[in-house]
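*Asks:* For reference, the chains in residue letters:
4 protein chains.
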Amino acid sequence: MKIDDTYAEAFPVFVSRVIVTAATRNWALKAATEATGFATSCIGCAAEAGIDIYLPPGETPDGRPGYSILICTQKKDKLKEQLIERIGECILTAPTTATFNGLTEAPEKLPVKLHFFGDGFEHQVKVGDRSCWAIPIMGGEFITEEEFGVVKGVGGGNIFIMGENQMAALTAAEVAAERIETISGAVLSFPGGIVSSGSKVGSRKYAKFMKASTNEAYCPSLRDKVPDSKVPPGIGAVYELIIDGVDVKAIETAMRGAIRAACTIPGVKMISAGNYGGKLGPYQFKLHSIL
Amino acid sequence: MKIDDTYAEAFPVFVSRVIVTAATRNWALKAATEATGFATSCIGCAAEAGIDIYLPPGETPDGRPGYSILICTQKKDKLKEQLIERIGECILTAPTTATFNGLTEAPEKLPVKLHFFGDGFEHQVKVGDRSCWAIPIMGGEFITEEEFGVVKGVGGGNIFIMGENQMAALTAAEVAAERIETISGAVLSFPGGIVSSGSKVGSRKYAKFMKASTNEAYCPSLRDKVPDSKVPPGIGAVYELIIDGVDVKAIETAMRGAIRAACTIPGVKMISAGNYGGKLGPYQFKLHSIL
Amino acid sequence: MKIDDTYAEAFPVFVSRVIVTAATRNWALKAATEATGFATSCIGCAAEAGIDIYLPPGETPDGRPGYSILICTQKKDKLKEQLIERIGECILTAPTTATFNGLTEAPEKLPVKLHFFGDGFEHQVKVGDRSCWAIPIMGGEFITEEEFGVVKGVGGGNIFIMGENQMAALTAAEVAAERIETISGAVLSFPGGIVSSGSKVGSRKYAKFMKASTNEAYCPSLRDKVPDSKVPPGIGAVYELIIDGVDVKAIETAMRGAIRAACTIPGVKMISAGNYGGKLGPYQFKLHSIL
Amino acid sequence: MKIDDTYAEAFPVFVSRVIVTAATRNWALKAATEATGFATSCIGCAAEAGIDIYLPPGETPDGRPGYSILICTQKKDKLKEQLIERIGECILTAPTTATFNGLTEAPEKLPVKLHFFGDGFEHQVKVGDRSCWAIPIMGGEFITEEEFGVVKGVGGGNIFIMGENQMAALTAAEVAAERIETISGAVLSFPGGIVSSGSKVGSRKYAKFMKASTNEAYCPSLRDKVPDSKVPPGIGAVYELIIDGVDVKAIETAMRGAIRAACTIPGVKMISAGNYGGKLGPYQFKLHSIL
Chain A
3 MKIDDTYAEA FPVFVSRVIV TAATRNWALK AATEATGFAT SCIGCAAEAG
53 IDIYLPPGET PDGRPGYSIL ICTQKKDKLK EQLIERIGEC ILTAPTTATF
103 NGLTEAPEKL PVKLHFFGDG FEHQVKVGDR SCWAIPIMGG EFITEEEFGV
153 VKGVGGGNIF IMGENQMAAL TAAEVAAERI ETISGAVLSF PGGIVSSGSK
203 VGSRKYAKFM KASTNEAYCP SLRDKVPDSK VPPGIGAVYE LIIDGVDVKA
253 IETAMRGAIR AACTIPGVKM ISAGNYGGKL GPYQFKLHSI L
Chain B
3 MKIDDTYAEA FPVFVSRVIV TAATRNWALK AATEATGFAT SCIGCAAEAG
53 IDIYLPPGET PDGRPGYSIL ICTQKKDKLK EQLIERIGEC ILTAPTTATF
103 NGLTEAPEKL PVKLHFFGDG FEHQVKVGDR SCWAIPIMGG EFITEEEFGV
153 VKGVGGGNIF IMGENQMAAL TAAEVAAERI ETISGAVLSF PGGIVSSGSK
203 VGSRKYAKFM KASTNEAYCP SLRDKVPDSK VPPGIGAVYE LIIDGVDVKA
253 IETAMRGAIR AACTIPGVKM ISAGNYGGKL GPYQFKLHSI L
Chain C
3 MKIDDTYAEA FPVFVSRVIV TAATRNWALK AATEATGFAT SCIGCAAEAG
53 IDIYLPPGET PDGRPGYSIL ICTQKKDKLK EQLIERIGEC ILTAPTTATF
103 NGLTEAPEKL PVKLHFFGDG FEHQVKVGDR SCWAIPIMGG EFITEEEFGV
153 VKGVGGGNIF IMGENQMAAL TAAEVAAERI ETISGAVLSF PGGIVSSGSK
203 VGSRKYAKFM KASTNEAYCP SLRDKVPDSK VPPGIGAVYE LIIDGVDVKA
253 IETAMRGAIR AACTIPGVKM ISAGNYGGKL GPYQFKLHSI L
Chain D
3 MKIDDTYAEA FPVFVSRVIV TAATRNWALK AATEATGFAT SCIGCAAEAG
53 IDIYLPPGET PDGRPGYSIL ICTQKKDKLK EQLIERIGEC ILTAPTTATF
103 NGLTEAPEKL PVKLHFFGDG FEHQVKVGDR SCWAIPIMGG EFITEEEFGV
153 VKGVGGGNIF IMGENQMAAL TAAEVAAERI ETISGAVLSF PGGIVSSGSK
203 VGSRKYAKFM KASTNEAYCP SLRDKVPDSK VPPGIGAVYE LIIDGVDVKA
253 IETAMRGAIR AACTIPGVKM ISAGNYGGKL GPYQFKLHSI L
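Chains as they are written, first to last, in the numbering used here: chain A, 3 to 293; chain B, 3 to 293; chain C, 3 to 293; chain D, 3 to 293.
None of these hints come from the bench; they were simulated from the model. All values derive from a computational prediction rather than experimental measurement. Careful, some of the hints might be misleading.
Since copy identity is lost for identical chains, a pair holds within one copy or between any two.
[Stated by the list, open to error] In the PhoX-like style, the derived pairs of lysine-lysine whose C-alpha atoms are separated by at most 20 angstroms in a straight line are:
| hint | residue 1 | residue 2 |
| --- | --- | --- |
| 1 | K207 | K115 |
| 2 | K4 | K232 |
| 3 | K154 | K207 |
| 4 | K115 | K202 |
| 5 | K115 | K227 |
| 6 | K82 | K213 |
| 7 | K78 | K227 |
| 8 | K115 | K210 |
| 9 | K213 | K115 |
| 10 | K227 | K77 |
| 11 | K227 | K80 |
| 12 | K111 | K288 |
| 13 | K82 | K271 |
| 14 | K227 | K281 |
| 15 | K82 | K4 |
| 16 | K288 | K77 |
| 17 | K154 | K111 |
| 18 | K202 | K213 |
| 19 | K154 | K227 |
| 20 | K4 | K128 |
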């Protein structure tokens, strides 16, 4: 097992954290999943979003089971818009849910005026010491805060997992993603937390209309066909984890845990990371320093 | 148990059906879930989308486990755009996936040029008798067709489930949604398949800026506060299933199965449906005729 | 990919099929899982048992979602005892469940007198044309038939999946097991459907007290240490699927589907099967004939 | 919501705690589920067993994801036997698993000689500072400790959840069970953690052959038919949680968390507990003191 002597390059993002609760864990998960769907990469989606951690009954503002989710965008206005749309379309509509601000200590808050949906029938309530709105709906009442903290976080923390074949690399990526599932403040926005198709900026051949295209240097099937392949001999598949987080520490903790977990799987040969000479962003996470 | 003598009013939508396969059921599900996320209602989302049915290994074009999903929009151009974005961002990026046209008999097909991502390294392959592209990616190759059938389907088929309290109505909605999970050609786009917060068009109080607001006539907590409540006495909660499908028959089959399943749950008191005097659309599904 | 020119050797077992329904799919699954737990091999467990197929709402005697399960033993008396214990301890006790005979056409039926639990408060009811008992319990009433068909089925159908490393072989076994999940009449009794530790009868070294021990001929880590290893070069792991079924046809269908599914996974090198020169039993399933 | 002024009566049991790890969370869960199956009540099963808590990658002896499980019996010899059988039949046989002693500080340990399965091919290894055996198997090697701590714990901690109908009571029981899932040292041995059919010792009508029968005093459908019903008016269903734990504190923590979680569900009317005048055992958990 080799840990490549390189670093992950990352960039600043605006992040809000929403606590979604529901009558049962299952309903909280369904709402959190819908609200963080179609949100893999800011290149093609309106936001990057993922499920942060599970909060058992008793560890949420209303005592019910829940999940915290992170929603990340590159512009602050976009974040406000995405909070309204994703909470309004995907959580307010889901059975038995409530939403709370998951970054109570953030000095800046975004107003997210959901109570207008109540059409004047809504009323204010306290949940513990939180000021919330209760909006009458068909299923009962939807309880929500209307201000959500926003912080400048980190997007694009990453590791590459290289395995001798597809299933070794993929299972390692899976268990690495499982590690991050219990680390607060860090999320994986891609399906199951894993990126199968890393991209480079622009395109060699279709430059006129493609903003991004396959990163041929990391494609095992092209190892002997491209001059600058970064796929070592004996590697059959590469999977990437891309991590967004509330701060540098969350990314570091997630990367460390993910690498250690990935290394428990037989057939994993090398861990590396992606960087772009500073063009992507100011953050650098050196693999050798993190471990 | 009362079946209300009324009908569900529905409207035409453009529908494509995408078959998503992967190495295992779990990975196919994760990709299908991400690709159909943030897609509850065309009011606030770019599309309505949901998982159609599970296809076991051996029942897909490449013999691997998969799911069919439906993506629905009100305009055809928007459907093409959503196919590109949702497949490109959420399925191409997911581990071990492939995508195939799930409406092979539709006379009209939308071109979805995913192979450009391959930046010239892609090549054509046959999967059975289907012409596909193989795009080199980090995890191996992404195999996909590039034309997806489109049909004029039906959006907004619906039933209302009224229960003596929240958990009776919700569990009935859950089992009704489970029934539809195995009916080919019909999907539920809301979280877990269930709508908790039905809306009316516009707003009484915030008309200047709200396109939709809570449907107070169906809110149990407002039963004694609004003049025209449609919530019968003794009803504690109302949940709605909204069904999109490839044709009228799929909607009918889904509504019939859903109503029968809902009626197995103790505490369910009435099944009804939503209609809007023909303003919403031309389709009418009479509950008493369907059963 | 090589399909070994060999056969799986299997033996007769007594089989009953129980349909477990519940209010929701989740509760049916939990009951079915508990009832088929601790039932991997007749060598160390009182029965071999597994979940057969999912039955959606509308496809069961009471219209609710359910699962059929198979319970298999080598003696008929033991089967009756196991039916009483597993239904009584694991399904009767589970929320909202009911149980029905899943082999209605079997000429022979085992009496399973569960109604005595009702202590005289029980009463007879009809579910469709089935004669059942309704037993008052804390959660409501437990509905059950009291006669369960028994047939002479087949135990020990099997395939060996050999992969270049652990994750390739395991993922292939997983997807093969997923194939069998939708084949009616065949079950996998081991955890997740997969056997990691195949055994031989008796023991070389600890013969005095061990009835079975590791099958060193199939252990990749012993390939160079035992004279008669059956592990080909380049194989890093071997997983076995052991299939019990209601008849020869169910075993054949399951083996065929499983082999085809396993072969879709990159890194799988060979499919073989286990046989013991006729000492284990009279059934032979030739791999080359089955496919 | 009423908390009944009563207590849960519980009894001593012998308890071992086994840590089951695997390559992924899913495989650890499958093995843990099989190993704790058919183990609801010592009345009809050889042990009471359940899943304790999830241990993410990095929080287990070998760094892989895992679950701790508790196995409980009334006699110590039976516990040793059950450890051998349940680990040997359900975990050793499961893909990629390992097992470790989860009660390292218990002064007494039970010898569980699993290495004989290796038939002389096994060898000793260290996992951190734990002395383990590595047993060659088809899937690779099975790693296990051979001594498991045993403590005198508590069996039969319980609460009754009474709801205005079945789904309210059941959902409350579900969320209470979810609370206990994250409390270390306490398990629920029944399916999904919930008991639907509480029993009394012996039988009125079938006393000759029934050791236990339905507890008619808690059956809502018999409320007007038995003289001593303990079901208050307006209660449609009663579900029980039965908790086994490593010590008194684990039971108390679990009961407290479960009651609070249950009370978040609309339609729950009363929490009570079961006791038998000291005939069952020496432990008493007063609901009013615990909260």
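*Asks:* May I ask which of the numbered hints given earlier this structure violates, with the numbers listed in increasing order?
*Replies:* 3, 5, 7, 10, 11, 12, 13, 14, 15, 16, 19, 20
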